[in-house]
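Novice: Residue numbers (this note's numbering), protein chains in the order written: chain A, 1 to 276; chain B, 1 to 75.
Just so you know, these hints were derived from the structure itself, not from any lab.
Be careful, since some hints might not be right.
[As the list claims (entries may be wrong)] Straight-line C-alpha distance at most 25 Å; calculated SDA-like pairs for lysine to any residue:
hint	chain 1	residue 1	chain 2	residue 2
1	B	K31	A	L239
2	A	K79	B	K41
3	A	K81	A	K162
4	B	K45	A	N53
5	A	K189	B	T60
6	A	K149	A	F64
7	B	K45	A	L231
8	B	K41	A	I56
9	A	K189	A	P147
10	A	K48	A	T23
11	A	K149	A	E261
12	A	K48	A	E59
13	A	K78	A	R44
14	B	K45	A	G85
15	A	K189	A	E257
16	A	K189	B	K6
17	B	K41	A	V61
18	A	K79	A	W150
19	A	K81	B	N49
20	A	K189	B	G17
21	B	K6	A	V210
22	A	K78	A	V137
23	B	K6	A	V206
24	B	K6	A	E12
25	A	K46	A	I56
26	A	K189	A	V137
27	A	K189	B	I23
28	B	K45	A	Q68
29	B	K45	A	V57
30	A	K189	A	E265
31	B	K41	A	Q68
32	A	K81	B	V52
33	B	K45	A	K48
34	B	K31	A	I236
35	A	K189	B	S59
Bear in mind the structure is a predicted one, so any value in this text is a computation, not a measurement.
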Amino acid sequence: MENTPNIAVAPEVLMNIAGVDVTSSMLTAVFVTLVLFGFVFYVRAKLKIVPGNAQIVAEGVVGFFYDQLLQAYGGDAKKAKRYLGLIVSLFLFIFISNQFTIIPLTQSIVADGVNVFRAPTSHFSLTLALAIITFLVSNVIAISMSPAKWAGNFIKIGSILKIRKPADVGQALLDIFLGLLDIVGELAKVISLSARLFGNIFAGEVMVVVIASLSVFTRYIVPVPFYLLGLLSGLIQALVFAVLSLSFIAGMHNTIEEAVEQGKEEKSKKKEALAT
Amino acid sequence: MDEALKFLAAGICMGLGALGPGIGEGFVAGKAIEAMARNPKMADKIFSNMLVGMAITESTGIYSLVVALILLFVV
Numbered sequence: 001m002e003n004t005p006n007i008a009v010a011p012e013v014l015m016n017i018a019g020v021d022v023t024s025s026m027l028t029a030v031f032v033t034l035v036l037f038g039f040v041f042y043v044r045a046k047l048k049i050v051p052g053n054a055q056i057v058a059e060g061v062v063g064f065f066y067d068q069l070l071q072a073y074g075g076d077a078k079k080a081k082r083y084l085g086l087i088v089s090l091f092l093f094i095f096i097s098n099q100f101t102i103i104p105l106t107q108s109i110v111a112d113g114v115n116v117f118r119a120p121t122s123h124f125s126l127t128l129a130l131a132i133i134t135f136l137v138s139n140v141i142a143i144s145m146s147p148a149k150w151a152g153n154f155i156k157i158g159s160i161l162k163i164r165k166p167a168d169v170g171q172a173l174l175d176i177f178l179g180l181l182d183i184v185g186e187l188a189k190v191i192s193l194s195a196r197l198f199g200n201i202f203a204g205e206v207m208v209v210v211i212a213s214l215s216v217f218t219r220y221i222v223p224v225p226f227y228l229l230g231l232l233s234g235l236i237q238a239l240v241f242a243v244l245s246l247s248f249i250a251g252m253h254n255t256i257e258e259a260v261e262q263g264k265e266e267k268s269k270k271k272e273a274l275a276t
Numbered sequence: 001m002d003e004a005l006k007f008l009a010a011g012i013c014m015g016l017g018a019l020g021p022g023i024g025e026g027f028v029a030g031k032a033i034e035a036m037a038r039n040p041k042m043a044d045k046i047f048s049n050m051l052v053g054m055a056i057t058e059s060t061g062i063y064s065l066v067v068a069l070i071l072l073f074v075v
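If we strip away everything but chain A, and leave its shape as in the complex, we get:
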């Protein structure tokens, strides 16, 4: 295996600042943030009633996710606006990170034999961090809405209290088991979200490197279709990440809210029954 290309899952360490290793993907993430800030302030400075090109793009992106959020929250505009910022910034950050290495010459900057720029999303730590952000937003806000209902969503003790006849025992046990499975499912969401994004972007890069290193003839034009595929999958994965985290967050909050309202209704029914 003497002509295998140099492929590493862990990004290369560029320098060490105050005990923290600064890797190539971290540096690129900072640049992506700068690009994002530049774009946003450019659009903001040029806001007009008749939109320019950049404003049309920005409005399209924000409008798309606003519609999705409205749908997910059942037309509640206040809640949709509350989470709009998070979802759109997730999408824009991942999208620009995925496409960053397409910018010409960024792959040619080499320091000490190490590429300075590398797509941040091809580093598992970053995608894991983004997935954990989604996880925390969905669960912490659900806890703040109603801790008891949130815990009851996973540990279904309430179903034991509903046992009236022996045939209900099986149903209650099944409910408890399904609740425990939901805990696993919630943790699996983090892994699936992060692994999907990381796998797609990293695989795209590995593909191009492997094709380019096959022989001298496949070096120049042959990798181009794979770059195009990478462009497409970068867009789709950013979209999928944003839409999935949106639906996780909205789904969690909606179930908690429904449970809270159900509890209220039951209480008022009991009061009515007592009053009569």
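Start from chain A and add chain B according to the hints.
Specialist: This is chain B only, laid out in the frame that chain A set:
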């Protein structure tokens, strides 16, 4: 010997892992095209939904890819 087993494991993992998503994506694309042929006005919306659905269907394949990459470059 260990090296060879590693490559073998990665190959088997990727090969078997690609079966399911392949079948699944075929279903997604087939159904989407069926829907588009019935209702061409909705084609744009169906197409974008199809892409998202495909990306989600693909995820099990991506998991096996991640496992294969870990086998190759990390273990």
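Novice: Now, for every hint given, state plainly whether the structure supports it.
Specialist: Hint by hint, here is what the structure shows:
The suggested pairing of B/K31 with A/L239 holds, with an alpha-carbon distance near 21 Å, which does not exceed 25 Å. For the proposed pair A/K79 and B/K41, the alpha carbon gap of about 32 Å is over 25 Å, so the pair is violated. Of the pairs offered as hints, the one joining A/K81 and A/K162 is violated, with about 39 Å between alpha carbons and a cut-off of 25 Å exceeded. Pair hint B/K45 plus A/N53 holds up; C-alpha atoms about 23 Å apart against a cutoff of 25 Å.
Distance hint between A/K189 and B/T60 is fulfilled; the C-alpha atoms sit about 13 Å from each other, no more than 25 Å. Proposed proximity of A/K149 and A/F64 is contradicted: the alpha carbons are some 32 Å apart, above 25 Å. Taking the CA atoms of B/K45 and A/L231, the gap is near 21 Å; set against the 25 Å cutoff, the hint holds. With a CA separation close to 24 Å, the supplied pair B/K41 and A/I56 stays within the 25 Å bound.
Taken as a hint, the A/K189 and A/P147 pair is honoured in the structure, with Cα atoms around 21 Å apart against an allowance of 25 Å. Our distance criterion of 25 Å between C-alpha atoms is broken by A/K48 and A/T23, whose separation comes to about 40 Å. Among the hinted pairs, A/K149 with A/E261 is consistent with the structure: their alpha-carbon atoms are about 11 Å apart, no more than 25 Å. Among the hinted pairs, A/K48 with A/E59 is consistent with the structure: their alpha-carbon atoms are about 12 Å apart, no more than 25 Å.
For the hint pairing A/K78 with A/R44, the CA-to-CA distance comes to about 22 Å; that is within 25 Å, so the pair holds. The suggested pairing of B/K45 with A/G85 holds, with an alpha-carbon distance near 24 Å, which does not exceed 25 Å. Between A/K189 and A/E257 the alpha-carbon distance is near 21 Å, which keeps this suggested pair within the 25 Å criterion. With a CA separation close to 28 Å, the supplied pair A/K189 and B/K6 exceeds the 25 Å bound.
Only pairs whose Cα atoms come within 25 Å are accepted, and B/K41 paired with A/V61 is accepted, the gap being roughly 22 Å. In summary, the hint linking A/K79 to A/W150 is supported, as the alpha carbons are separated by about 19 Å, within the 25 Å threshold. Of the supplied pair hints, the one linking A/K81 and B/N49 holds, its CA atoms being roughly 23 Å apart against a limit of 25 Å. Between A/K189 and B/G17 the alpha-carbon distance is near 19 Å, which keeps this suggested pair within the 25 Å criterion.
For the given pair, B/K6 sits about 18 Å from A/V210 by alpha-carbon distance, which is consistent with the 25 Å threshold. Between the alpha carbons of A/K78 and A/V137 the distance comes to roughly 17 Å, so the proposed pair stays at or under 25 Å and holds. Distance restraint check for B/K6 and A/V206: the Cα-Cα separation of roughly 18 Å lies within the 25 Å cut-off, and the hinted pair is therefore satisfied. A C-alpha spacing of about 24 Å is found between B/K6 and A/E12, which places the hinted pair at or below 25 Å, so the restraint holds.
Under the criterion of a C-alpha separation no larger than 25 Å, the hint pairing A/K46 with A/I56 is consistent with the structure, at around 11 Å. The hinted pair formed by A/K189 and A/V137 meets the criterion: a straight-line CA distance of about 13 Å does not exceed 25 Å. For the proposed pair A/K189 and B/I23, the alpha carbon gap of about 23 Å is at most 25 Å, so the pair holds. Under the criterion of a C-alpha separation no larger than 25 Å, the hint pairing B/K45 with A/Q68 is consistent with the structure, at around 13 Å.
About 18 Å separates the Cα atoms of B/K45 and A/V57, which keeps this hinted pair within 25 Å; it holds. With a C-alpha separation of about 32 Å, the suggested pairing of A/K189 with A/E265 is violated against the 25 Å cut-off. Taken as a hint, the B/K41 and A/Q68 pair is honoured in the structure, with Cα atoms around 20 Å apart against an allowance of 25 Å. For the proposed pair A/K81 and B/V52, the alpha carbon gap of about 23 Å is at most 25 Å, so the pair holds.
Proposed proximity of B/K45 and A/K48 is contradicted: the alpha carbons are some 29 Å apart, above 25 Å. Of the pairs offered as hints, the one joining B/K31 and A/I236 holds, with about 20 Å between alpha carbons and a cut-off of 25 Å not exceeded. Taken as a hint, the A/K189 and B/S59 pair is honoured in the structure, with Cα atoms around 12 Å apart against an allowance of 25 Å.
Consistency with the previously given hints fails for numbers 2, 3, 6, 10, 16, 30 and 33, ordered from lowest to highest.
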